[in-house]
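**Student:** One-letter residues, chain by chain:
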Amino acid sequence: MLSRVAERIYWAARYLERAENTARLVGVYDNLLFDLPRSVNIGWFNLVVINSGTELFHERYRVQDERNVVKFLLADDTNPSSMLSSLLCLRENIRTARDVLPSEAWELVNELHLFARNNIQQGINRSDRHVFLNGIIEGCQGINGLLAGTMSRDPAWSFMRLGCNLERADMTTRLLDAGAAALLSTDPSDPTSLDQLVWGNVLRSGSAYMPYRRTVRTAVSGPEVANFLLDDEHFPRSVRFCLEQSALSASRLPDSGEQYSPVKPVLPTYAIEDDSSLGQNFRDHLNDLQLVLMDVHKRIAGNWFLCDETPG
Amino acid sequence: MYIDWKQYDPGHFFDELIGADGSPRDPASKLTHYLTDLNTEELEKRRKMAEATIQEMGVSFTVYTEEGNIDRAWPFDIIPRTISRQQWDKTAAGLKQRLRALNLFIDDLYHEQRILKDKVVPRYLIENSTNFRPECIGVSPPHGVWAHICGTDLVRDGDGEFYVLEDNLRVPSGVSYMLENRSITKRVLPELFENDNILPIDDYPARLFDTLASLSPRQVKQPEIVVLTPGIFNSAYFEHAFLAQQMGAELVEGSDLVVGDDDMVYMRTIDGLTRVDVIYRRIDDLFLDPEVFRKDSTLGVPGLMRAWKKGNVALANAPGAGVADDKVIYAYVPQIIKYYLDEEPLIRNVETFLCDDDKQRRYVLANLDKLVVKPANESGGYGMLVGPHSTQKEQARFAELIKANPRNYIAQPTLALSTAPTLVANNNLEPRHLDLRPFILQARDTYCTTGGLTRVAMTKGSLVVNSSQGGGSKDTWIVDTEVK
Chain A
6 MLSRVAERIY
16 WAARYLERAE
26 NTARLVGVYD
36 NLLFDLPRSV
46 NIGWFNLVVI
56 NSGTELFHER
66 YRVQDERNVV
76 KFLLADDTNP
86 SSMLSSLLCL
96 RENIRTARDV
106 LPSEAWELVN
116 ELHLFARNNI
126 QQGINRSDRH
136 VFLNGIIEGC
146 QGINGLLAGT
156 MSRDPAWSFM
166 RLGCNLERAD
176 MTTRLLDAGA
186 AALLSTDPSD
196 PTSLDQLVWG
206 NVLRSGSAYM
216 PYRRTVRTAV
226 SGPEVANFLL
236 DDEHFPRSVR
246 FCLEQSALSA
256 SRLPDSGEQY
266 SPVKPVLPTY
276 AIEDDSSLGQ
286 NFRDHLNDLQ
296 LVLMDVHKRI
306 AGNWFLCDET
316 PG
Chain B
6 MYIDWKQYDP
16 GHFFDELIGA
26 DGSPRDPASK
36 LTHYLTDLNT
46 EELEKRRKMA
56 EATIQEMGVS
66 FTVYTEEGNI
76 DRAWPFDIIP
86 RTISRQQWDK
96 TAAGLKQRLR
106 ALNLFIDDLY
116 HEQRILKDKV
126 VPRYLIENST
136 NFRPECIGVS
146 PPHGVWAHIC
156 GTDLVRDGDG
166 EFYVLEDNLR
176 VPSGVSYMLE
186 NRSITKRVLP
196 ELFENDNILP
206 IDDYPARLFD
216 TLASLSPRQV
226 KQPEIVVLTP
236 GIFNSAYFEH
246 AFLAQQMGAE
256 LVEGSDLVVG
266 DDDMVYMRTI
276 DGLTRVDVIY
286 RRIDDLFLDP
296 EVFRKDSTLG
306 VPGLMRAWKK
316 GNVALANAPG
326 AGVADDKVIY
336 AYVPQIIKYY
346 LDEEPLIRNV
356 ETFLCDDDKQ
366 RRYVLANLDK
376 LVVKPANESG
386 GYGMLVGPHS
396 TQKEQARFAE
406 LIKANPRNYI
416 AQPTLALSTA
426 PTLVANNNLE
436 PRHLDLRPFI
446 LQARDTYCTT
456 GGLTRVAMTK
466 GSLVVNSSQG
476 GGSKDTWIVD
486 TEVK
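Residue numbers (my numbering), protein chains in the order written: chain A, 6 to 317; chain B, 6 to 489.
None of these hints come from the bench; they were simulated from the model.
Every residue, glycine too, gets a C-beta built ideally from N, C-alpha and C.
Accuracy of the hints is not assured; some may be wrong.
Partial list, computed: chain B residues near chain A (C-beta under 8 angstroms) [stated by the list, open to error]:
| hint | residue |
| --- | --- |
| 1 | Gln-60 |
| 2 | Met-62 |
| 3 | Gly-63 |
| 4 | Ile-237 |
| 5 | Ala-246 |
| 6 | Ala-249 |
| 7 | Gln-250 |
| 8 | Glu-255 |
| 9 | Leu-256 |
| 10 | Val-257 |
| 11 | Asp-261 |
| 12 | Met-272 |
| 13 | Arg-273 |
| 14 | Thr-274 |
| 15 | Ile-275 |
| 16 | Asp-276 |
Cβ pair distances, simulated, as ranges [claimed, not checked]:
| hint | chain 1 | residue 1 | chain 2 | residue 2 | range |
| --- | --- | --- | --- | --- | --- |
| 17 | B | Thr-135 | A | Arg-67 | 58 to 68 angstroms |
| 18 | A | Val-221 | B | Lys-226 | 50 to 60 angstroms |
| 19 | A | Lys-303 | B | Lys-226 | 34 to 44 angstroms |
Generate the whole structure from the sequences, applying the supplied hints.
**Tutor:** If you want it as structure tokens, here you go:
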């Protein structure tokens with residue numbers, strides 16, 4: 006398999022996952038914000054912060070209101086992580102790698118991109134948003150289902166999985182960070198207990214609510230949620246699970262070249278015991294995890310995407 | 006409202022579906038009968054279905070404009086064009102004959118040049134040809150074949166006969182659209198495939214694969230075959246990806262390939278460097294290898310010609326094959342067929358005037374308003390003068406061009422290009438002019454597609470069918486009328 010094609014497939018998987026996650030995030034926020042007391046200062050803008058988009062957002066918009074945030078996250082073509090940008094990048098990557106993918110994959114991706122582009126206004130208006138976002142999420146899952154059901158478990162598949170799992174792990178650390186940041190920014194003297202609401206929402210954003218309830222079997226609490234999302238061995242979006250899957254996918258790929266470096270990283274340790282463990286130190290830990298994920302990406306790129314050997 | 010064939014009038018042109026007496030031709034009878042039963046709403050529904058299918062399948066081509074490159078949906082007319090199997094078999098035999106002769110011709114030009122010594126083709130034509138590559142002299146590609154993939158443009162004149170308009174021996178495109186047109190039609194008019202004897206066309210990718218595999222320098226079970234594309238911005242990128250996928254070959258860009266000190270071609274893969282045996286190249290000769298041709302080419306691979314000359318890699322089509330798709334050489338193809346095969350040409354050429362010949366040039370200059378003037382080495386319908394549709398100013402400009410460089414121009418009478426019913430505004434059927442591009446393969450064996458790509462001039466009265474200039478296309482049905 007060509008290195009260039011491997012790279013495009015890896016990125017296609019990342020963008021597919023990113024598009025779905027973005028749609029999911031906006032959908033969950035839609036629900037959450039109805040439940041929060043007015044005194045609480047968690048707004049739509051939090052979503053921009055999670056996605057490291059603060060600077061870019063301020064270049065484009067003045068007001069941090071719902072409409073602008075949703076527009077920025079779903080439709081903005083100057084935001085490289087917006088849902089539409091992700092779908093466009095997905096389409097371009099699949100288009101230039103479709104010779105190794107099932108031909109229906111290209112058709113589905115193309116359809117999804119057209120659907121998103123033609124109906125994007127529905128995502129911005131609140132009344133149709135739910136249906137629209139569901140359409141996007143179902144579209145992404147349909148593509149994932151098609152690929153899972155039809156792709157040979159060859160290197161192309163391994164690169165898909167690598168991209169998908171790395172993007173997921175990244176998103177999970179961002180969701181946790183959003184939760185921690187939200188609670189740090191509230192007034193400690195505020196009598197309303199927001200913990201349950203915020204951590205419950207973090208779980209829902211990661212489609213983790215039901216799996217958490219079944220696995221942990223206690224009420225939603227910050228430390229339990231953090232441990233579940235970071236370290237659960239069965240939940241497909243926990244950081245640990247994603248990294249183990251990545252290592253597994255990598256082990257199926259050829260270890261050519263002298264510069265081959267193992268994909269499984271050494272994770273920084275951080276003990277989470279009670280609510281006091283979820284302060285600024287926790288946020289620093291999450292930041293360290295994101296650096297590790299970036300390092301994993303660099304290793305993948307170094308192992309298989311770059312190739313400067315000269316033939317003998 | 007239903008289709009009223011009485012309103013359909015192709016005038017004095019030969020119509021592919023409807024005979025001079027207004028009744029359907031044999032191979033079109035089931036089709037026209039079926040269409041007659043569709044009301045306007047149903048026709049509109051099918052047209053929309055085709056449109057949606059094309060969008061979803063992502064069948065597109067790129068148009069270069071001043072505002073940048075636009076990825077356009079493939080323009081498609083849902084009414085197929087029909088040809089009887091009997092007539093097609095004869096035509097296919099003629100096309101194979103033609104390509105065999107052209108390959109003997111090219112091989113001769115790069116070796117002994119017997120045909121020049123025997124003065125059948127004038128030597129200066131070759132020496133002046135922009136597509137003759139001295140770098141290729143003495144090279145002997147497998148099977149003595151240079152043009153492995155050929156797209157020949159056929160037109161039907163008022164007499165109902167097929168004529169060859171031109172041979173495309175460099176990087177002919179369109180075959181993927183031929184295949185996609187059929188998949189679209191199967192979705193849009195499925196009932197007809199049950200009742201009519203329409204011959205299948207989908208073996209092309211397998212035949213192309215076999216053709217390429219038979220060129221492999223290594224006698225291995227699975228030679229490494231790649232399709233070399235200039236990249237996503239090329240107008241035919243869709244086709245490059247399509248063919249690579251259908252053949253299970255790698256789609257590579259120049260930067261994916263590297264030639265080693267051992268003069269072998271390798272591609273950069275996740276396993277490291279892997280040797281390549283056959284390259285189906287879809288980039289022009291001059292961009293193939295910056296060491297030999299254009300130094301500024303970033304599309305090609307440095308050292309590729311070295312590897313090819315040593316026989317370490319096969320290139321299809323071989324560099325230099327374009328010498329035979331010069332429009333001046335075209336005029337000599339009947340003599341070329343006779344010279345090498347000692348056979349009469351099975352398909353005729355369109356009458357052609359060579360501006361290089363004093364007498365013929367005088368005739369051309371005196372009749373610019375009636376003739377079609379073409380440059381010898383352009384494709385895509387660019388740089389042409391269509392006499393009857395031109396202004397005096399344009400004619401004067403072409404007169405100057407011809408006088409300045411007579412070797413570079415030919416002229417042909419304006420053909421009464423055949424027509425076929427085409428769906429136009431308000432779901433009316435009107436005659437539109439069309440041509441046909443079959444694809445012929447040659448390596449160890451020779452093969453011709455069943456039919457080809459039909460291109461339609463969508464504008465009333467227009468003769469320009471090129472998709473880059475607003476042409477559309479139709480599915481082409483070879484119908485076996487003898488099977489009941």
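**Student:** Look at each hint and say if it fits the structure.
**Tutor:** Results of checking the hints against the structure:
This hint holds: B/Gln-60 has a C-beta 6 angstroms from the nearest C-beta of chain A, less than the 8 angstroms allowed. With a least beta-carbon distance of about 6 angstroms to chain A, the hint placing B/Met-62 at the interface is held under the 8 angstroms criterion. At about 4 angstroms, the closest approach between the beta carbon of B/Gly-63 and any beta carbon in chain A falls short of 8 angstroms, and the interface hint on this residue holds. Because the beta carbon of B/Ile-237 sits about 6 angstroms from the nearest beta carbon in chain A, less than 8 angstroms, this interface hint is met.
For B/Ala-246, the suggested interface contact is upheld, since its CB lies about 6 angstroms from the closest CB of chain A, less than 8 angstroms. Interface hint at B/Ala-249: satisfied, since its Cβ lies 4 angstroms from the closest Cβ of chain A, which is below the 8 angstroms cut-off. Contact between B/Gln-250 and chain A, as hinted, is supported at the beta carbon level, the nearest pair being about 4 angstroms apart and thus within 8 angstroms. For the restraint placing B/Glu-255 at the interface with chain A, the shortest Cβ-Cβ distance is roughly 6 angstroms, inside the 8 angstroms limit, so the hint holds.
This hint holds: B/Leu-256 has a C-beta 5 angstroms from the nearest C-beta of chain A, less than the 8 angstroms allowed. Taking 8 angstroms as the C-beta cut-off, the interface hint given for B/Val-257 holds, the closest approach to chain A being about 6 angstroms. Taking 8 angstroms as the C-beta cut-off, the interface hint given for B/Asp-261 holds, the closest approach to chain A being about 5 angstroms. About 6 angstroms separates the beta-carbon of B/Met-272 from the nearest beta-carbon of chain A, less than 8 angstroms, and the hint is met.
The interface hint given for B/Arg-273 holds, since its Cβ lies 4 angstroms from the closest Cβ of chain A, which is under the 8 angstroms cut-off. The interface hint given for B/Thr-274 holds, since its Cβ lies 6 angstroms from the closest Cβ of chain A, which is under the 8 angstroms cut-off. At about 4 angstroms, the closest approach between the beta carbon of B/Ile-275 and any beta carbon in chain A falls short of 8 angstroms, and the interface hint on this residue holds. Taking 8 angstroms as the C-beta cut-off, the interface hint given for B/Asp-276 holds, the closest approach to chain A being about 5 angstroms.
In this structure the supplied range 58 to 68 angstroms holds for B/Thr-135 paired with A/Arg-67, their Cβ-Cβ distance being about 60 angstroms. For A/Val-221 and B/Lys-226, the hinted distance range of 50 to 60 angstroms is satisfied, since their beta carbons lie about 55 angstroms from each other. A hinted range of 34 to 44 angstroms holds for the C-beta pair A/Lys-303 and B/Lys-226, which are about 38 angstroms apart.
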